[in-house]
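S.K.: Here is what each chain is made of, one letter per residue.
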Amino acid sequence: MKGLLKSTFTKKKKKQDNKYFDASDRMDMLTMTEDGGWKDLGHGGHNESSKITSLEPQIENQNEESKIDKDEELDVEGGSDFEFESDVEFGDEEIDDELFEEEYRNVSDNSEQVFVQQESPILKVDDGTKVKTSLLFKSHTTKDLVKQMSQQCRNLGDILQLDEGDVINLLQYYSWNSDRLIEAYVDNPQAVKKKVGLASSTKVCQHKNKKTYKNNSFECFLCCENRKYTYSLSCKHEYCIDCYKRYIDDRLNTGKVITCPECDLSLTTQDIDAISGEGESIKLLESSIKEYVERHIMYKWCPSPDCGIIVEVSNLADIPHLLEKNEIPIVLCDHGHQFCASCLYENHSPATCAVAKKWVDKCKDDSETIKWILTNTQQCPKCRTSIEKNGGCNHMTCKKCRQEFCWICLGEWYRHGTSFYNCSRYEEKDKNVKQVGKKKKIDADETRESLKRYLHYYNLFSVHEVSTKLDAKRCAQVEEHVRLLQETSGISWIEAQFLVESANTLLNARRVLKWSYALIYYCNITRYLDIYESIQDDLATAVEGLSKLFEIEDPEEIVRAKLDFLNKSRFLADRQNAMLSCTKDLIETGTLPTKL
Amino acid sequence: MSTLPKRVIKVISDPVPGITAIPHEDNLRYFDVTIQGPDQSPYEGGIFKLELFLPDDYPMVAPKVRFLTKIYHPNIDKLGRICLDVLKNHWSPALQIRTILLSVQALLAAPNPNDPLANDVAEEWLQNENGAIATAKQWTAKYATSATSAPAE
Chain A
1 MKGLLKSTFT
11 KKKKKQDNKY
21 FDASDRMDML
31 TMTEDGGWKD
41 LGHGGHNESS
51 KITSLEPQIE
61 NQNEESKIDK
71 DEELDVEGGS
81 DFEFESDVEF
91 GDEEIDDELF
101 EEEYRNVSDN
111 SEQVFVQQES
121 PILKVDDGTK
131 VKTSLLFKSH
141 TTKDLVKQMS
151 QQCRNLGDIL
161 QLDEGDVINL
171 LQYYSWNSDR
181 LIEAYVDNPQ
191 AVKKKVGLAS
201 STKVCQHKNK
211 KTYKNNSFEC
221 FLCCENRKYT
231 YSLSCKHEYC
241 IDCYKRYIDD
251 RLNTGKVITC
261 PECDLSLTTQ
271 DIDAISGEGE
281 SIKLLESSIK
291 EYVERHIMYK
301 WCPSPDCGII
311 VEVSNLADIP
321 HLLEKNEIPI
331 VLCDHGHQFC
341 ASCLYENHSP
351 ATCAVAKKWV
361 DKCKDDSETI
371 KWILTNTQQC
381 PKCRTSIEKN
391 GGCNHMTCKK
401 CRQEFCWICL
411 GEWYRHGTSF
421 YNCSRYEEKD
431 KNVKQVGKKK
441 KIDADETRES
451 LKRYLHYYNL
461 FSVHEVSTKL
471 DAKRCAQVEE
481 HVRLLQETSG
491 ISWIEAQFLV
501 ESANTLLNAR
511 RVLKWSYALI
521 YYCNITRYLD
531 IYESIQDDLA
541 TAVEGLSKLF
551 EIEDPEEIVR
561 AKLDFLNKSR
571 FLADRQNAML
581 SCTKDLIETG
591 TLPTKL
Chain B
1001 MSTLPKRVIK
1011 VISDPVPGIT
1021 AIPHEDNLRY
1031 FDVTIQGPDQ
1041 SPYEGGIFKL
1051 ELFLPDDYPM
1061 VAPKVRFLTK
1071 IYHPNIDKLG
1081 RICLDVLKNH
1091 WSPALQIRTI
1101 LLSVQALLAA
1111 PNPNDPLAND
1121 VAEEWLQNEN
1131 GAIATAKQWT
1141 AKYATSATSA
1151 PAE
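Protein sequences, first through last, are from chains A and B. With our numbering as the guide, the letters of the first sequence map in order to residues 1 to 596. With our numbering as the guide, the letters of the second sequence map in order to residues 1001 to 1153.
Derived from the structure by calculation, the hints contain no laboratory data. Quick caveat: nothing in here was measured; it's all calculated off a predicted structure. What you were told as hints is all true, and nothing was included just to trick you.
Computed cross-link-like contacts, DSS-like style, restricted to lysine-lysine with a CA-CA straight-line distance of at most 27 Å:
1) A:236 / B:1088
2) B:1010 / A:236
3) A:245 / A:283
4) A:245 / B:1088
5) A:290 / B:1088
6) B:1088 / A:195
7) B:1010 / A:211
8) A:211 / B:1006
9) A:245 / B:1006
10) A:256 / B:1088
To spell it out: a stretch of chain B is covered by chain A in this simulated footprint if at least three of its residues, at any positions, have a beta carbon under 8 Å from a beta carbon of chain A; those stretches are:
11) 1006-1013
12) 1088-1102
The beta-carbon is built from N, C-alpha and C at its ideal position, and this holds for glycine as well.
Turn these sequences into a full structure, and let the hints steer you where they fit.
M.R.: The structure is reproduced here in structure tokens:
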């Protein structure tokens, strides 16, 4: 099993090696980076980053030369590549394990030595084009979408020979499902119009909507006041213009058709503009965006808080294929947020979509409750009910089974004799426990154990989630630091970019680390898990290492620490990639089975 | 604000048979309401007390109506809250207080256990309608007859 895994690595690497040679003509550029001045390359920011990114393979190439020997050794050991799986012996496998582990460790351990001279391939993940995904996608703002919607309304209006405003109402009624609308409308236009509350077109022109009364002689039904200006639809239900305006304002953001307060006749965009002022009706479209996006599955809201970007995925049909291959359909919005187009969480690699979904559901369900129960309650030693002590002495009586026990040692109370608050009955407790029905205890212990396991990973997950938020805050200040650096140290913008890039690396790596804990919770406990965990530990260490650097606030200090920043983020990026590819391989080969 | 007295006058001056709505003297937005149980319903003979409050945004938002008398009804819960479309998403400013109260009376005449608020009542109503109606009658006699009318829990 392991051998197979191993040999695929070898192959992959050799393939990469070939690819890397293409990049060798850039070697000269690489040397330029050594003296720390990227501007020497003479490119703008973005070109720059892609150039540097493309240099990365070379670095790995160098790192890996030593390892290739090792791989070959392994091949000899295990026989030819693919027969391996069937006739592995246990001993072989263990050696493979070690090598396997070494492999992933080496990726970065070597690079740690080398990367001191080489600089920053970290944009790999941050540059939109480099996100590893086979999806085709495009970002839209809500404004773009409103334009698109109104274009659709115009097109549909041409087909159905209706006003744009009428079409908006029709589409709103049909939840922006234009197929259903066309079907229904072609079938029976009058019935559809009636249902949606559109006036038959002839009447509209004859009816005068806006009226002015002399001496405020109109008594508005809504506010019971005498008013001058009124508005009414062709149904002749007349209200003062102020009440109408308030009525519309209340309903503009619901995304639904607005009707006359009294009957089902609907207000068109022209009516709304006439009552509330020009341009108000655009809000009608804006409020429909949510429905529009929900209706059209190729549009996905970026799940990042307050982002508001809508990503259009053009090859939706590929997502199931990706999922089958345990790949995550990642897309990237224009604000730089990566998210999964299938489950609409943030990029949750290395956890697969199934794992991510289960995990999020689980966390939603009970994490907080369980946490509270575990921290605030103890179980009754007899019936295992969770008991919260909210005051009083330590002589507890279980409400359920009437067991009297000591809160401190959980032993039976009568054994305490006179030594009430001086609990020294540790051994007694053990004896008591034995008397309790054994099976019950084992069951309860198992649940407790599994809770503990869950909580362990949940805590790790949430700690990193919180840290991500804090880091994000800190990294948001990076821009400011960059500006300061430019002013105080006279460093060019491009030279100060290392800070931004390190920040992005840090955030990404933390995210990967976070989700790896979710993944590992659903993994069976095997030998490979140990390896996996050690890789995870390495990543965690690297993350903390870089995170610590961001505590530096003095600009000059930051400049001095530049090399450190670059080293650590390079190291971190490598660790992260090692983690990701390791997970991928383990899942693909089924060596890290998940229990779902 | 200034519109309120006129509206209140309207409510008082246009009474509906079987329904009374009297505003509090110190707060004209707050009404004491009584509704007679409709004939040929389990609530027949009962007089139900309700409270009605007109929020600041009235008439753009619906008035708040709540039963004060205990009642056994699938669309009215223990606290007297009412599940009625015109009080929620089908509210329109053109609806009046009297139409709302009429709707509530109609709800008493036609309970809708398929869209319940009080789940236990609705279940009983669906599984054992006669029993449920008997309970409703009992409750009406116990809580909603003029001699004994007591506020809900």
